[in-house]
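Build out the structure end to end from the sequences listed, making use of the hints.
Just so you know, the protein sequences line up as chains A and B, in that order.
Counting along the first sequence from 1, when you hit position 204 you're at 204 in the working numbering, and nothing is skipped either side.
Counting along the second sequence from 1, when you hit position 293 you're at 293 in the working numbering, and nothing is skipped either side.
By construction, these hints were calculated from the structure, which means they are not laboratory data.
As a list, the in silico DMTMM-like pairs of lysine to aspartate or glutamate whose alpha-carbon atoms are at most 20 Å apart:
(1) K342/B - D569/B
(2) K385/B - D569/B
(3) K18/B - D125/A
(4) K225/A - D124/B
(5) K9/B - E307/B
(6) K61/B - E211/A
(7) K110/B - E211/A
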Amino acid sequence: MLFLIIKRILLGFITLFIVSLITFVGTEILPGDACTTYLERQAFGEQLEACYRRLGLNVPAYERYVSWAVNAIQGDFGYSLSGEMPIKEVLGPRIKNSLVLASAAIFIGIPIALILGIVTALWRDKLPDVAISTVTIFAMTIPEFISATLLILIIAIWLEWLPGIVIVPTDVSFLELLPNIILPVIAIAMIMTAHMARMVRSSVIQVMASEYVQMAILKGVPYWKMVFKHVLPNALLPAINVVALTIAWLLGGVVVTEVVFNYPGLGRLVIESISNRDLPTVQALAIILASIYVSINLLADLMTLMLNPRLKTLQIRK
Amino acid sequence: MSDIIQKVKNLSIGFKSKKGEEILILKNISTKIKKGETVGIVGESGSGKSTLALAMMGYVKHGLYTIGGECEFNSSNLLNMKSKDLEKIRGRKIAMIPQNAGQALTPNLKIGYQIDEALQLHSDLSEKEREKKISELLNKVRLPSPETIALRYPHELSGGQQQRVAVAMALAGTPDLLLLDEPTTGLDVTTQAHVLELLNFIAKDTGTSMVYVSHDLGAIAQVSDRIIVMYSGEIVLEGPSRDILKRPIHPYTHGLLKSIPKLSLAGLPESMPGSQPQPGIIQSGCSFFDRCNFSEDKCKNNSPQLEFLKELNTSVRCFNYEKLLKESQVNQNVNKIKNNSKDKEILNLSEVSISYAKQKLLDQIFNRISDDNPTVKDININIKKGETIALVGESGSGKSTILKSIAGLLRTKDGFIRFDENRNLSSDLKERNPNDLRIIQLIFQNPDESLNPNHTVEEIIAQPLKLYFGLKGEELNKNIIDLLQKVRLGEFYMSRYPRQLSGGEKQRVAVARAFAAKPDIILCDEVTSALDVSVQAAVLNLLQQLKEDFGTTYIFVSHDLAVVRAISDRVAVLYQGRLCEVGPSNDVYKFPSHPYTEVLLGAVLEPDPDIKPKLVAEDIVEEKPPEKGCSFQGRCSRILGDICKKDIPPWQLTDSGNAIRCHIPIKELQKEQF
Numbered sequence: 001m002l003f004l005i006i007k008r009i010l011l012g013f014i015t016l017f018i019v020s021l022i023t024f025v026g027t028e029i030l031p032g033d034a035c036t037t038y039l040e041r042q043a044f045g046e047q048l049e050a051c052y053r054r055l056g057l058n059v060p061a062y063e064r065y066v067s068w069a070v071n072a073i074q075g076d077f078g079y080s081l082s083g084e085m086p087i088k089e090v091l092g093p094r095i096k097n098s099l100v101l102a103s104a105a106i107f108i109g110i111p112i113a114l115i116l117g118i119v120t121a122l123w124r125d126k127l128p129d130v131a132i133s134t135v136t137i138f139a140m141t142i143p144e145f146i147s148a149t150l151l152i153l154i155i156a157i158w159l160e161w162l163p164g165i166v167i168v169p170t171d172v173s174f175l176e177l178l179p180n181i182i183l184p185v186i187a188i189a190m191i192m193t194a195h196m197a198r199m200v201r202s203s204v205i206q207v208m209a210s211e212y213v214q215m216a217i218l219k220g221v222p223y224w225k226m227v228f229k230h231v232l233p234n235a236l237l238p239a240i241n242v243v244a245l246t247i248a249w250l251l252g253g254v255v256v257t258e259v260v261f262n263y264p265g266l267g268r269l270v271i272e273s274i275s276n277r278d279l280p281t282v283q284a285l286a287i288i289l290a291s292i293y294v295s296i297n298l299l300a301d302l303m304t305l306m307l308n309p310r311l312k313t314l315q316i317r318k
Numbered sequence: 001m002s003d004i005i006q007k008v009k010n011l012s013i014g015f016k017s018k019k020g021e022e023i024l025i026l027k028n029i030s031t032k033i034k035k036g037e038t039v040g041i042v043g044e045s046g047s048g049k050s051t052l053a054l055a056m057m058g059y060v061k062h063g064l065y066t067i068g069g070e071c072e073f074n075s076s077n078l079l080n081m082k083s084k085d086l087e088k089i090r091g092r093k094i095a096m097i098p099q100n101a102g103q104a105l106t107p108n109l110k111i112g113y114q115i116d117e118a119l120q121l122h123s124d125l126s127e128k129e130r131e132k133k134i135s136e137l138l139n140k141v142r143l144p145s146p147e148t149i150a151l152r153y154p155h156e157l158s159g160g161q162q163q164r165v166a167v168a169m170a171l172a173g174t175p176d177l178l179l180l181d182e183p184t185t186g187l188d189v190t191t192q193a194h195v196l197e198l199l200n201f202i203a204k205d206t207g208t209s210m211v212y213v214s215h216d217l218g219a220i221a222q223v224s225d226r227i228i229v230m231y232s233g234e235i236v237l238e239g240p241s242r243d244i245l246k247r248p249i250h251p252y253t254h255g256l257l258k259s260i261p262k263l264s265l266a267g268l269p270e271s272m273p274g275s276q277p278q279p280g281i282i283q284s285g286c287s288f289f290d291r292c293n294f295s296e297d298k299c300k301n302n303s304p305q306l307e308f309l310k311e312l313n314t315s316v317r318c319f320n321y322e323k324l325l326k327e328s329q330v331n332q333n334v335n336k337i338k339n340n341s342k343d344k345e346i347l348n349l350s351e352v353s354i355s356y357a358k359q360k361l362l363d364q365i366f367n368r369i370s371d372d373n374p375t376v377k378d379i380n381i382n383i384k385k386g387e388t389i390a391l392v393g394e395s396g397s398g399k400s401t402i403l404k405s406i407a408g409l410l411r412t413k414d415g416f417i418r419f420d421e422n423r424n425l426s427s428d429l430k431e432r433n434p435n436d437l438r439i440i441q442l443i444f445q446n447p448d449e450s451l452n453p454n455h456t457v458e459e460i461i462a463q464p465l466k467l468y469f470g471l472k473g474e475e476l477n478k479n480i481i482d483l484l485q486k487v488r489l490g491e492f493y494m495s496r497y498p499r500q501l502s503g504g505e506k507q508r509v510a511v512a513r514a515f516a517a518k519p520d521i522i523l524c525d526e527v528t529s530a531l532d533v534s535v536q537a538a539v540l541n542l543l544q545q546l547k548e549d550f551g552t553t554y555i556f557v558s559h560d561l562a563v564v565r566a567i568s569d570r571v572a573v574l575y576q577g578r579l580c581e582v583g584p585s586n587d588v589y590k591f592p593s594h595p596y597t598e599v600l601l602g603a604v605l606e607p608d609p610d611i612k613p614k615l616v617a618e619d620i621v622e623e624k625p626p627e628k629g630c631s632f633q634g635r636c637s638r639i640l641g642d643i644c645k646k647d648i649p650p651w652q653l654t655d656s657g658n659a660i661r662c663h664i665p666i667k668e669l670q671k672e673q674f
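In structure tokens, the structure reads:
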């Protein structure tokens, strides 16, 4: 078991290494560099040289990669170009904001998704299922930029209950941020919840049709005991991985929603730094997003392994 | 009337088709189960036997509903009972033993918990007492070390053990009626015989009534007092089990018994043509009319009623049962198979070993396999042109593994596979040339999985023709029709998809596909085990016919010794990947010589209440072959002592050319144990 965890963590680091290489090579291949972008029309002669020296771009690429990687491991991603400030400081509040948005969506969305999925499965083809399924399919199909815009129009502009777009400084305190995130959270949670509810529904239905559930019924196990003991543990196992991917997707920045609401999260930072050709920041973001995906998937796999007795013995035997 | 425990009255169950028509799965069924009796319900798949058993617990599957009638237990109808009240009956008064215990035990709950759950629900025992009871129950179903088994998860047990746990779980509520839905199907022959013996013991010990549902007349014959034969959702024959098996007075049962291969008869049984009508097809006359050998004009338009014959204590649904009454016994005619094997050797396995061991990095680099104790070892067989050689053994005996290696799907560790005396077949599929691939074709066990569901029959058969012979257009078409005719399917099957075919028809398409390549050798992997008995005989006859026409060689893998007896010229008995005995099938079956062969033959279930299985050895499953000595030492009842544990036994030849690998001298072996 321990061996497996170590192996997976090692594999995770290899993945991150490859991601970092690809982003580094990618940014190298692109025409122009940080200095030409920064200096724009002044990018020649003395000034360019000085800039290169200041940013350390005057050494060969592999050396730059090594020093960059060594620093990155220590959490130092160098300097952002647009603000001329350490990327660390740019990222910090953005990550915090994204975390706030993501955790709000997760804590609201996942329980609702589970409940809806289970209810629709247990009352399959009956009124609750038909009603909820219609709504979830509807919520799934509306793109978030439309639902977000509609939310702004109705709740912020017509009803004037909540702010429509976020116009607060990036490093605002949590309490001040709170009223601002309600609408983005609703917009994100709608799609996420709908997707997950559909998945949970089909998984529960599949388990309900299994022979062991039929056996439990024929054994005289009362309905709700059967649902909680025999159905849900088996039905929700496959959901763990989907939940993990959703969380990673949320943390990685829900780009469209953040842009519509002008929310200062990671997603908007991605867009901003790409359009500003702020390559060091793009590099840092790629690494951070990749590590989020890798670590959350690792966690999910380990959790499935712990909860599924089948996989557990299989691994130990190997 | 108090001795009747379950009464089924005019029960009809069905579903609504897409067009809104009511389609019946069970048609007006009435029967009674008495206290303490064991009733066997037998029928082909789709005859409604499982639906009937489930209805006896007040359970109707999702999608089906009760159209009329009642299932009365203790004078209350289970089919309109509230689920609260049903929960008190299920598991406590009526318990179910499922078909596939591996699927029917909840995967995330420990064995002990699952039995404890039944005890909690259906008894007032305290926690301590329940713990004791769990051990008692596991002991009763003869599971070793109950305390450790209780802590295991279902997937950590073997198939036979899982089935025993299911029995223990059903007994937890001390039910008055046990329903068994194919409880031994899917188990090994030896395990099957042991489980049946256990069930017989429990029936006697507890006085529980049992309803035993199975397609296997052999199993039914061993347990039941009374038999109900179902066909197309109706009861066609019901009576004392001995009479039904010895003198069946319904043509369907008569034909069914004739189509079952028997150990005592070498040769292929007669097949019953046709197949059961699909539910929803409305027929004016008798549902068995198309397949009946005794039918008359009136059978076509009038459906016979179930008629009770007092003197025989039997109910029968047939106008012409009297004709069958006159036939005193089922006269089984078998077509003796012609042994058309030539002297020429076509395939030679020499010193073949196959390993499933995971390869270490070093071995991977050097592209070698290192395993001192491989799954299959020392296989030496010469296969002659035109013969049918059968590989038999329990699951884990390596029979399918050998087949895979011959097909090139699995690399051999050591040894050679030679075709036609001198051509070495590479053990790696990628290195075989197209002609090597063509000469060996495979037919798989389950045609549902081996035929691509998105291809029509035409496309399925066309593939090998295009691949190996480059046929196209008119010629391709002609060849496909020709092949279909050879497997007795009409031209109109070409445009059909596998899902539109019955099980037997699908297997025929698979046979046609194999023959399309004009192979020299066909590997048959349990080709009839997924089929109904009546269809099985037809497929076996077809295979034999084709073999005689084309001179093909068959390597036939099966766990069913009676089927092997019917079709094969030679038999090789395998245990734990090592050969035990090789010889002409007549001799292998006549003189049960190797102790393992004896065990296998003893466990065969025959559809005859007078032939009881002999249980020689325990049905323990060993995880891997012993490292030294005889492979069968762990289970052998005739073990001599240290010599069996130390030395690999020598090959001994009998007069008839039967080779046996055992330390016990031939003379000693020829004395039967019983």
